[in-house]
Amino acid sequence: MADTMQFDLVSPERKLLSAQAKSVQIPGSEGDLTAMPNHAATITTLRPGVLTVETDKGTEKFVVTGGFAEIGETVSVLAEKALPAADVDQKTYEALVAEAHEAYKQTKVTFENEPGPVDDAAKLLQDMVAVGTHIGLDPMQPSL
Amino acid sequence: MPNLKDLKNRIASVKSTRKITKAMQMVAAAKLRRAQDAAEASRPYAERFNAVMASLAASVGDSDTAPRLLAGTGKDDVQLLVVLTAERGLCGGFNTNIVKLAKAKIAELKGAGKTVKILTVGKKGREQLKREYSDLFVGHVDLSDVKRLGYGDAQNIAKDILSRFDNGEFDVATIFFAKFNSVISQDPTALQVIPASYETTDESQADAETSQYDYEPDEEAILADLLPRGVATQIFTALLENAASEQGARMSAMDNATRNAGDMIDQLTIEYNRSRQAVITNELIEIISGAEAL
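As you go down the protein sequences, you meet chains A and B in turn.
Residue numbers for the first sequence follow the numbering used here, so the first one is 1 and each next one is one higher.
Residue numbers for the second sequence follow the numbering used here, so the first one is 1 and each next one is one higher.
By construction, these hints were calculated from the structure, which means they are not laboratory data.
A couple of the hints might just be wrong.
Pairs of lysine to aspartate or glutamate residues, derived as EDC-like cross-links and limited to a Cα-Cα distance of at most 20 angstroms, are as follows [what the hints assert, rightly or not]:
1. A:108 with B:166
2. B:114 with B:153
3. A:15 with B:153
4. A:108 with B:225
5. A:81 with B:37
6. B:159 with A:102
7. B:117 with B:77
8. A:105 with B:160
Given these sequences and hints, build the entire structure.
Set out below in structure tokens:
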């Protein structure tokens with residue numbers, strides 16, 4: 001049994017990581033899941049969160065904002081925006097939260113009487129805020 | 001015959017033009033490399049994305065509940081043409097070729113009795129289309145302030161298009177851009193983005209049948225989530241291809257211009273030398289005949 005699998009993390013602008021991984025912890029929209037070799041074939045969407053990759057050389061963390069993951073013989077994560085966690089400082093993080101907050105406010109205006117999209121946007125914002133605690137930054141709590 | 005001073009001025013001015021075109025060529029070459037790198041870097045994402053979409057689309061298929069972005073509105077009466085061009089000229093036939101393709105399409109659609117709407121990205125396409133079809137314009141996206149194309153730019157354009165689609169402003173959207181083959185060849189291309197058509201190759205078909213994916217959440221929710229992203233991704237790819245094509249076209253246009261300027265300088269120099277020679281000969285004849293007359 002193979003104990004590693006091919007893992008690719010790509011964003012539209014570049015390829016962030018392509019390596020043999022032992023396990024990948026993915027922030028799925030329905031909850032976190034960890035993909036290991038021979039995982040059942042799955043496609044899941046992502047929520048904003050921290051993606052942890054365990055390779056032979058150690059673990060790497062990335063902040064992703066959304067996208068989807070395809071788990072098969074290989075694992076590919078196609079993130080809308082992905083940054084190595086070490087590169088995310090308070091300022092970039094605050095910009096991300098502000099962006100989510102803006103999106104939330106806008107959805108609230110556009111879909112005034114539909115709770116569905118508004119709740120989704122609110123959840124997205126909360127996830128974004130939670131990312132801060134995960135990577136040891138001061139979580140910025142926007143006023144809702 | 002032009003006098004010597006005129007010729008001299010002419011040569012000096014062509015020389016400075018050559019300097020400028022040479023510089024523009026070098027700048028375009030440097031930018032082309034960057035644009036190509038960017039296009040290269042975006043390819044893995046687009047490829048994976050399309051593969052997944054193809055297998056998803058194949059498995060959801062033509063069921064009645066398929067999202068409208070995939071299945072379409074069932075009509076093709078109102079067509080939105082999104083014309084992506086450059087913000088600057090001086091790049092050979094690059095902008096004109098894209099516009100020409102778009103115009104051919106407009107004529108074809110109008111002939112078939114469809115309503116056409118135009119959305120332009122990039123100043124040059126707007127200028128060229130505005131002359132004939134100003135009544136068809138529904139919008140324009142200005143990218144002249146953008147230094148480096150980012151996914152965000154594509155997302156904004158996609159958002160604009162999608163909100164128009166949701167409002168029922170059009171049935172079919174097609175984007176026009178130039179595909180980058182090489183420095184000397186760029187193909188103007190039309191690509192339909194809404195309803196999305198993902199090529200289901202035999203491979204992806206087989207893929208969809210053999211690998212039973214688990215979907216989290218369910219297939220249709222994922223599809224609904226991914227389709228808007230697909231539009232953004234396709235536009236992003238098109239923008240990057242366009243950027244590379246623009247620089248490639250500019251590079252070869254400027255290369256030609258530089259060479260032409262060189263040829264012109266050579267010709268003018270010969271002419272200059274000849275007339276100088278003629279002037280000298282004339283003067284000599286005058287002196288000699290003057291001396292003989294004495």
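A quick look at each hint next to the structure:
no. : hint             : verdict
1   : A:108 with B:166 : holds, 17 angstroms
2   : B:114 with B:153 : violated, 30 angstroms
3   : A:15 with B:153  : holds, 19 angstroms
4   : A:108 with B:225 : holds, 19 angstroms
5   : A:81 with B:37   : holds, 18 angstroms
6   : B:159 with A:102 : holds, 15 angstroms
7   : B:117 with B:77  : holds, 11 angstroms
8   : A:105 with B:160 : holds, 18 angstroms
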